[in-house]
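Participant: Chains as they are written, first to last, in this note's numbering: chain U, 4 to 76; chain X, 6 to 159.
Please note that a few of the clues may not be correct.
Said to hold, decoys possible - Okay, derived cross-link-like pairs now, DSBU-like style, lysine-lysine, Cα gap no bigger than 35 Å in a straight line:
#, chain 1, residue 1, chain 2, residue 2
1, X, Lys133, X, Lys25
2, X, Lys133, X, Lys33
3, X, Lys133, U, Lys45
4, U, Lys55, X, Lys33
5, U, Lys32, X, Lys47
6, X, Lys13, X, Lys33
7, X, Lys47, U, Lys45
8, U, Lys32, U, Lys55
9, X, Lys25, X, Lys47
10, X, Lys13, X, Lys133
11, U, Lys45, U, Lys55
12, U, Lys45, U, Lys32
13, U, Lys32, X, Lys133
14, X, Lys47, U, Lys55
15, X, Lys133, U, Lys55
16, X, Lys13, X, Lys25
17, X, Lys25, U, Lys55
Claimed, not checked - Derived Cβ-Cβ restraints for the label pairs, each shown as a range:
#, chain 1, residue 1, chain 2, residue 2, range
18, X, Arg74, U, Gly44, 21 to 29 Å
19, U, Glu54, X, Glu125, 22 to 30 Å
20, X, Leu127, U, Trp8, 18 to 26 Å
21, X, Thr134, U, Met4, 19 to 27 Å
22, X, Ala78, U, Asp75, 39 to 47 Å
23, X, Arg85, U, Glu76, 12 to 20 Å
24, U, Ala29, X, Leu130, 36 to 44 Å
25, U, Glu76, X, Gln129, 28 to 36 Å
26, U, Met4, X, Met155, 35 to 43 Å
27, X, Pro99, U, Arg31, 19 to 27 Å
Note that these hints are calculated values from the structure, not bench results. Values in this document were obtained by computation on a predicted structure and should not be read as measured data. From the three backbone atoms N, C-alpha and C, an ideal C-beta is built for every residue, glycine too.
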Amino acid sequence: MVICWNDPVNYMDYVTHVFQVVFGWARRKAEFHMRQVHEQGKSVLARESMEKAEHYVHQLQKYSLHATMERDE
Amino acid sequence: MNLIRSTKDQFQFRLGGREKRLLLDLLKLYPCLPVARQPLSKSGGLPDQETAQGLLDEALAEQRQENRRQLQALLADPGRFQEQETGWRLSLSPADLEWLLQILNDIRVGSWVRLGSPEERLAQLDEKTAPHYWAMEMSGRFQMQFLEAMQGPN
Numbered sequence: 004m005v006i007c008w009n010d011p012v013n014y015m016d017y018v019t020h021v022f023q024v025v026f027g028w029a030r031r032k033a034e035f036h037m038r039q040v041h042e043q044g045k046s047v048l049a050r051e052s053m054e055k056a057e058h059y060v061h062q063l064q065k066y067s068l069h070a071t072m073e074r075d076e
Numbered sequence: 006m007n008l009i010r011s012t013k014d015q016f017q018f019r020l021g022g023r024e025k026r027l028l029l030d031l032l033k034l035y036p037c038l039p040v041a042r043q044p045l046s047k048s049g050g051l052p053d054q055e056t057a058q059g060l061l062d063e064a065l066a067e068q069r070q071e072n073r074r075q076l077q078a079l080l081a082d083p084g085r086f087q088e089q090e091t092g093w094r095l096s097l098s099p100a101d102l103e104w105l106l107q108i109l110n111d112i113r114v115g116s117w118v119r120l121g122s123p124e125e126r127l128a129q130l131d132e133k134t135a136p137h138y139w140a141m142e143m144s145g146r147f148q149m150q151f152l153e154a155m156q157g158p159n
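Bound-form chain X, shown alone:
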């Protein structure tokens, strides 16, 4: 995937056919991160912590539902990917890109959690762990490419 053009309102990327399929397959994995992973506090002792935790869980669940709806709309939008002679052109607004970073990181961290939250790189993969490892690595790769595009040349 290459950035071919960026303005303040839009980013355009060129993707090969395989890359496009890969990105779409990856995005279909959302949501990946278990909601229960996100405590409001580690040490506890906050005033009315149970209520605050409930509100946070609720807000994250709503966000996740909204993200899922937005993702379905993006995947169904025929204008989002335009076929070119040499592959596909993906057009995204800066807000889309910022939002996609969150989606991709949910997939990355969620896949890592499904691998057992390893501290080190896995020495060996098997048929159970390979799909999660693939999703973790691929989402990270797209994330970094989107981040580079947003940061522009230093």
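Just chain U, with the same shape it has in the complex:
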């Protein structure tokens, strides 16, 4: 799973924008996940193969977002 974690420094608009760019999501879906990060502390952004998840984590970290990949238990 690709997870984005909350932090107090990234602007909400910026996070929404990054989700749109990295995943190609519409603004509404990107905002939904941004709100989940903000309100629940994290959001699962994708469930993918190891290789694809690594790619997404790299893309998100390029934008300095706090993103990691975790095992889907």
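Fit chain X to the known structure of chain U by using the hints.
Facilitator: Chain X in isolation, oriented as in the chain U frame:
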């Protein structure tokens, strides 16, 4: 800084002389974020995690080197800022703008880390923390202006 014109290929901003200096001084702070801050996984337990972490670190380091090279080229490009009667005109492609957002956020988050990653706004600044606070706030301000320009009128 104001957006004065945008087409699908180019954004043009007007900046005062002080704003231009401020933006250039800010960009010179890149890279700000420590590479070691970015773990691939929190809980661990991924297959071959050490190798994967190594590859991620390597990719981010390469990216950072490329960004530094690109930033130096941008700062040295005389056509990028054109002097006008009322200040300066900055021209950027959509790709430049997207890339500058990453650079500015590295400076913003990196400055925040150097402040000790505070959860709340700092109550007091001193001569050690003030420069990092300034960089964090200013990079955020430019970021938001670039984002507004990219999103256009809603």
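Participant: Each of the hints needs a verdict: does it hold here or not?
Facilitator: The hints, checked one at a time:
no. : hint                           : result
1   : X:Lys133 - X:Lys25             : holds (25 Å)
2   : X:Lys133 - X:Lys33             : holds (19 Å)
3   : X:Lys133 - U:Lys45             : holds (32 Å)
4   : U:Lys55 - X:Lys33              : holds (33 Å)
5   : U:Lys32 - X:Lys47              : holds (25 Å)
6   : X:Lys13 - X:Lys33              : holds (28 Å)
7   : X:Lys47 - U:Lys45              : holds (12 Å)
8   : U:Lys32 - U:Lys55              : holds (20 Å)
9   : X:Lys25 - X:Lys47              : violated (40 Å)
10  : X:Lys13 - X:Lys133             : violated (43 Å)
11  : U:Lys45 - U:Lys55              : holds (20 Å)
12  : U:Lys45 - U:Lys32              : holds (15 Å)
13  : U:Lys32 - X:Lys133             : violated (41 Å)
14  : X:Lys47 - U:Lys55              : holds (18 Å)
15  : X:Lys133 - U:Lys55             : violated (41 Å)
16  : X:Lys13 - X:Lys25              : holds (24 Å)
17  : X:Lys25 - U:Lys55              : violated (40 Å)
18  : X:Arg74 - U:Gly44: 21 to 29 Å  : violated (37 Å)
19  : U:Glu54 - X:Glu125: 22 to 30 Å : violated (39 Å)
20  : X:Leu127 - U:Trp8: 18 to 26 Å  : holds (22 Å)
21  : X:Thr134 - U:Met4: 19 to 27 Å  : violated (36 Å)
22  : X:Ala78 - U:Asp75: 39 to 47 Å  : holds (42 Å)
23  : X:Arg85 - U:Glu76: 12 to 20 Å  : violated (50 Å)
24  : U:Ala29 - X:Leu130: 36 to 44 Å : holds (40 Å)
25  : U:Glu76 - X:Gln129: 28 to 36 Å : violated (44 Å)
26  : U:Met4 - X:Met155: 35 to 43 Å  : violated (29 Å)
27  : X:Pro99 - U:Arg31: 19 to 27 Å  : holds (22 Å)
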